[in-house]
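Student: Sequences are here, hints too, so could you generate the full structure?
There are 2 protein chains.
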Amino acid sequence: MEVEIVENVLKYNKSHAEENKEAFSKNKVLALNILSSPGAGKTSLIIQSLKKLKNKYNIGVIEGDISSTHDANKIKEYTESVVQINTGGSCHLNASMVKNALTKLNLEDIDILFIENVGNLICPVNFYLGEDDMIVLASVNEGDDKPVKYPPVFIKSNLVLLNKIDMFELSNFSKDFFLEKVDQLNPGVEVISLSCKTGEGLDNWINWLEENIKLKKTNIT
Amino acid sequence: MEVEIVENVLKYNKSHAEENKEAFSKNKVLALNILSSPGAGKTSLIIQSLKKLKNKYNIGVIEGDISSTHDANKIKEYTESVVQINTGGSCHLNASMVKNALTKLNLEDIDILFIENVGNLICPVNFYLGEDDMIVLASVNEGDDKPVKYPPVFIKSNLVLLNKIDMFELSNFSKDFFLEKVDQLNPGVEVISLSCKTGEGLDNWINWLEENIKLKKTNIT
Numbered sequence: 524m525e526v527e528i529v530e531n532v533l534k535y536n537k538s539h540a541e542e543n544k545e546a547f548s549k550n551k552v553l554a555l556n557i558l559s560s561p562g563a564g565k566t567s568l569i570i571q572s573l574k575k576l577k578n579k580y581n582i583g584v585i586e587g588d589i590s591s592t593h594d595a596n597k598i599k600e601y602t603e604s605v606v607q608i609n610t611g612g613s614c615h616l617n618a619s620m621v622k623n624a625l626t627k628l629n630l631e632d633i634d635i636l637f638i639e640n641v642g643n644l645i646c647p648v649n650f651y652l653g654e655d656d657m658i659v660l661a662s663v664n665e666g667d668d669k670p671v672k673y674p675p676v677f678i679k680s681n682l683v684l685l686n687k688i689d690m691f692e693l694s695n696f697s698k699d700f701f702l703e704k705v706d707q708l709n710p711g712v713e714v715i716s717l718s719c720k721t722g723e724g725l726d727n728w729i730n731w732l733e734e735n736i737k738l739k740k741t742n743i744t
Numbered sequence: 524m525e526v527e528i529v530e531n532v533l534k535y536n537k538s539h540a541e542e543n544k545e546a547f548s549k550n551k552v553l554a555l556n557i558l559s560s561p562g563a564g565k566t567s568l569i570i571q572s573l574k575k576l577k578n579k580y581n582i583g584v585i586e587g588d589i590s591s592t593h594d595a596n597k598i599k600e601y602t603e604s605v606v607q608i609n610t611g612g613s614c615h616l617n618a619s620m621v622k623n624a625l626t627k628l629n630l631e632d633i634d635i636l637f638i639e640n641v642g643n644l645i646c647p648v649n650f651y652l653g654e655d656d657m658i659v660l661a662s663v664n665e666g667d668d669k670p671v672k673y674p675p676v677f678i679k680s681n682l683v684l685l686n687k688i689d690m691f692e693l694s695n696f697s698k699d700f701f702l703e704k705v706d707q708l709n710p711g712v713e714v715i716s717l718s719c720k721t722g723e724g725l726d727n728w729i730n731w732l733e734e735n736i737k738l739k740k741t742n743i744t
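If you're matching them up, the sequences are chains A and B in order.
With my numbering as the guide, the letters of the first sequence map in order to residues 524 to 744.
With my numbering as the guide, the letters of the second sequence map in order to residues 524 to 744.
The set of hints was computed from the structure by calculation and includes no laboratory data.
Please note that the accuracy of each hint is not assured.
Since copy identity is lost for identical chains, a pair holds within one copy or between any two.
Said to hold, decoys possible - Result set (DMTMM-like, lysine to aspartate or glutamate): computed pairs, CA atoms no more than 20 Å apart in a straight line:
1. 720 with 668
2. 627 with 699
3. 720 with 689
4. 599 with 668
Tutor: As structure tokens, then:
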């Protein structure tokens, strides 16, 4: 019976996700679901992206947290299109929460929507939100063994970001080991290394974003 | 109906946790449930503790991961009493998994049992395993806002460890802010700052362990 309920929850989630997907398609919004451990730098990545692109594109942000508006307040300095979702303890966003949040955003005017998921490498992976891409953000300080210890998020993500590369020298992080393990789990997946602090590598991420916005805008839906 | 099932799961968990607690009591084992984000340093903390105390006490380790034996292999260099639990995707240990793992350890011969939970600041909090103390390990690289963003684990833990303090200079971590927020959530809770890398502050943790082993051994159960 428990299994049946889990299946029902996922089925229910999927139908909402499909509605979100349709809304993103119709409005040609590039929707990105960003996953990471707590403190890996999701909010910093979004702020850096806003700084670089806010004069060129309209960017919306959905902030997912179990409680508080701590990150949303930081992001409000860069865009007015921020919606906070407090999950009330739940360890991941679901498509229904995102659907509700979308009613507070004017999708017609948005080019990119960052969905910052709850800081958690495990639970959010199973809940499709209707996004174009699931992106995992790892950070050097967490160690090079994260793909070994948390395979599903690396298997399912369409892009892997490695943040805090300014910390390479101070850590015993082996980039080769990390890349090898990521590639074993998700052959050919693109990995972009960057530092939100020093700005190194950020241009590659910005290029990725611009290419993907272009694709989204030109797609015949 | 879903709520009822969740309640049943927690009730079922609690009865196993009580059995574990009784086993720890009977054998005067100090059992510690260690929670953190991925990569905060749980395994390093356990290895440092083994290095400092393995000639004085018998130390057992239960390693919780969604998959792999990566950490257990590292720990095996320091103690033979290691049991790996692979949760098969689940985001936390539960008392029943720990109960099964205990059948593979000789509790009569163990003084301290480290239970390294799955790397996750949210889900493990609700699953009591029968431990003496729940300990949260935060790390400087995650930022000083973790208590604001993940309150329950800081509210419920009996001890807060702050790891990677050798990174203070390179981060904008405010120790005052962190301590203030922790104290608001859990007034009076002890916080020990340390670096598993440089060894700074480790003695305070070792003292805490030795005091608590002493208490456990002299407790009339």
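Student: Between residue 599 and residue 668, at a C-alpha cutoff of 20 Å, which is it: within one copy, between copies, both, or neither?
Tutor: Classified as between: cross-chain Cα gap 17 Å, same-chain 34 Å, threshold 20 Å.
Student: How do residue 627 and residue 699 come out at 20 Å by Cα distance, when the copy is not named: within, between, both, or neither?
Tutor: This pair counts as neither: shortest intra-copy Cα distance 43 Å, inter-copy 36 Å.
Student: At most 20 Å between C-alpha atoms: does residue 720 with residue 668 qualify within a copy, between copies, both, or neither?
Tutor: Between copies only: 17 Å across, 22 Å inside.
Student: 20 Å Cα cut-off: does residue 720 pair with residue 689 within a copy, between copies, both or neither?
Tutor: both (8 Å within a copy, 18 Å between copies)
Violated hint: 2 only; the structure is consistent with all others.
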